[in-house]
Amino acid sequence: MLTIQTPEAVMFWVLGPLSVIAAIGMLVVKKAVHSALLLAWIMITIALFYIAQDAVFLGIVQIVVYTGAVMMLFLFILMLVGVDASDSLTETIPGLRAIAITAALGFGGLLVSLISRATLGRPALGLAEANKDGNVQGLAKLLFSDYVFAFEAISALLITAALGAMVLAHHQRTVARPTQREQAIARFRTGSLASAAGLPNPGVYARHNAVDVPALLPDGTPAPNSISATLKARGDMLESNQFELGEVDNTVQEEK
Amino acid sequence: MNPYNYLYVAGLLFTIGAIGVIVRRNAIVVFMCIELMLNAANLTLVTFSRINGTLEGQVTAFFTMVVAACEVVVGLAIIIAIYRSRRSASIDDASLLKR
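Chains as they are written, first to last, in the working numbering: chain G, 1 to 256; chain A, 1 to 99.
Looking at chain A on its own, in the form it has when it is part of the complex (with noise of 0.2 Å):
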């Protein structure tokens, strides 16, 4: 086996999350799917800095798990905002700039 079926995997991780992300209504399973697209986005980053023999890669994959941190303590807090106005947790009833 060579180094690029990490990549291969990546790339299938990343579009199932991208399916979740437009398929399902939940707003924290569609909050989920995006954490796994950036998981595989990092192991892309994981991948080629083997492949590339120097530490860059792992240095950018370590910031974008603060990012994704980050994100999730903010996105965490709006979905609670939210549910607290609405009492509904789906992206449907969030429709209020629509009107």
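Next up, chain G with everything else stripped away, as it sits in the complex (with noise of 0.2 Å):
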């Protein structure tokens, strides 16, 4: 017979709400890094209810592997993979949103008025007696005897995983690198000869000399490809006619 004790209670109704609230802001959050973190703090309050449910182990392999290993390779990959602008929320498909939070509203709903009214017609037993020789050596016990062959299939699976990943992320060129002579034919031969030059700098005709000033075509119009991919998928890009002539603020004398 499982009795629960009040720090249990306690950390339940603490963390509960906070793991649901963290999950339902990384729907929410503009950027991808963000809503990684948000993950990795609903991770660890996953681990803290494992050990309070008496699963020591699998609690320690949750922080090691999860918010350890896993998060750590999410968000690599957003390092390689940079920003973009698919982090935007807009939605592509019209009503997508709403027909997908309706399904999950009937979905969770259902969900909990299962878990509400069904019952198991027997007390929960808790792992008291099962972890009588500690839940390591009770889970290997199990791991090393019924589950022996599950187990071995199972490391076959990461040895291939490993294997196909570094498959997948082995790049093979198709096609001999560009030398620079080509590279130079390739500019003045295709297309316009706007780019032949190299593209142009941030800033020069913007009265500013920082990088997320575009700068002014001789029309006046701000040049888009002056400035870096990133920083306008970021939405770090400032306007240029902010540093007009007849803008910028010369009241202040030059000191004699």
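No lab work stands behind these hints, which were simulated from the structure alone.
Among the hints, a few may not be true.
[What the hints assert, rightly or not] Straight-line Cα separation of at most 30 Å, DSS-like style, residue types lysine-lysine; simulated pairs: (1) 98(A) x 30(G); (2) 232(G) x 30(G); (3) 31(G) x 98(A); (4) 31(G) x 232(G).
Both chains are given apart, each in its own frame, so use the hints to dock them into the complex.
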């Protein structure tokens, strides 16, 4: 017969709502990095739930594997891919968000009402009996007796996954790397001559020496290819017309 | 409180993860939502293991974690491969099979 002590109840009522709020936050924050950090927090709360539920080994594995390895891998890939327009929260398929939220409300309501109505017909037992030799020893007994074939199969799966990742991530050049001469010819022979002399520098005609202000073309419009695509996608681009001659505050007198 | 309360949290996390898979466009965020759903299922397994008083649920959760680790490794490699060829991590852009 299982009785739940007060500390566990307090932990649950503090961390349970926090993890759900963090999960909702994962959906609404714009940047993928923030989603990853919120997910790391959810993983930690789930690890604490495991430890509170007498699954000490799984709790530690959860922290080591998920918040350690998996989230690190996610952040690493985020760093490789960088920021792009897919971070935006705009809806591309009309009505998708409304349909998704309606369906999820239905599904979640179904789950919650099912859990609240269903009963196993017997009291919760607790793991005191199963864990009497220790949680790790109990798991090891099961893993290396009843589940030994599954254990072997899963080790083969791990090796296959590692090989698969190497094959997928391996980048083989299908055409030779273009030489400097070929690049020079391509600049002049293909398309327009606009980029023959290289891309314009940012901020040259904008009375501002910053990389986030586009240069001005002779007709006064900003040149979009003069600043980095990453700054543009992140929305860190400034308008160059705020640095126009008439707008600049030149009332400050120079000291003599 | 009774141990069934963990099941509510797991159900809510699973549902929120499902919304994320449908709504978000960045492939990496979609992938993180899948991880959230896997974790919610694991929490259910551990809770039922405690309610039933056997360790079988924990062994299954352990296997799920290993499979999830494999899935992350291969999935992120696929995202990188797509990003390399299409210069985008948006799932809307990978629509070559549609045409």
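Quick rundown of the hints versus the structure:
{"no.": "1", "hint": "98(A) x 30(G)", "in the structure": "holds, 28 Å"}
{"no.": "2", "hint": "232(G) x 30(G)", "in the structure": "holds, 15 Å"}
{"no.": "3", "hint": "31(G) x 98(A)", "in the structure": "holds, 28 Å"}
{"no.": "4", "hint": "31(G) x 232(G)", "in the structure": "holds, 15 Å"}
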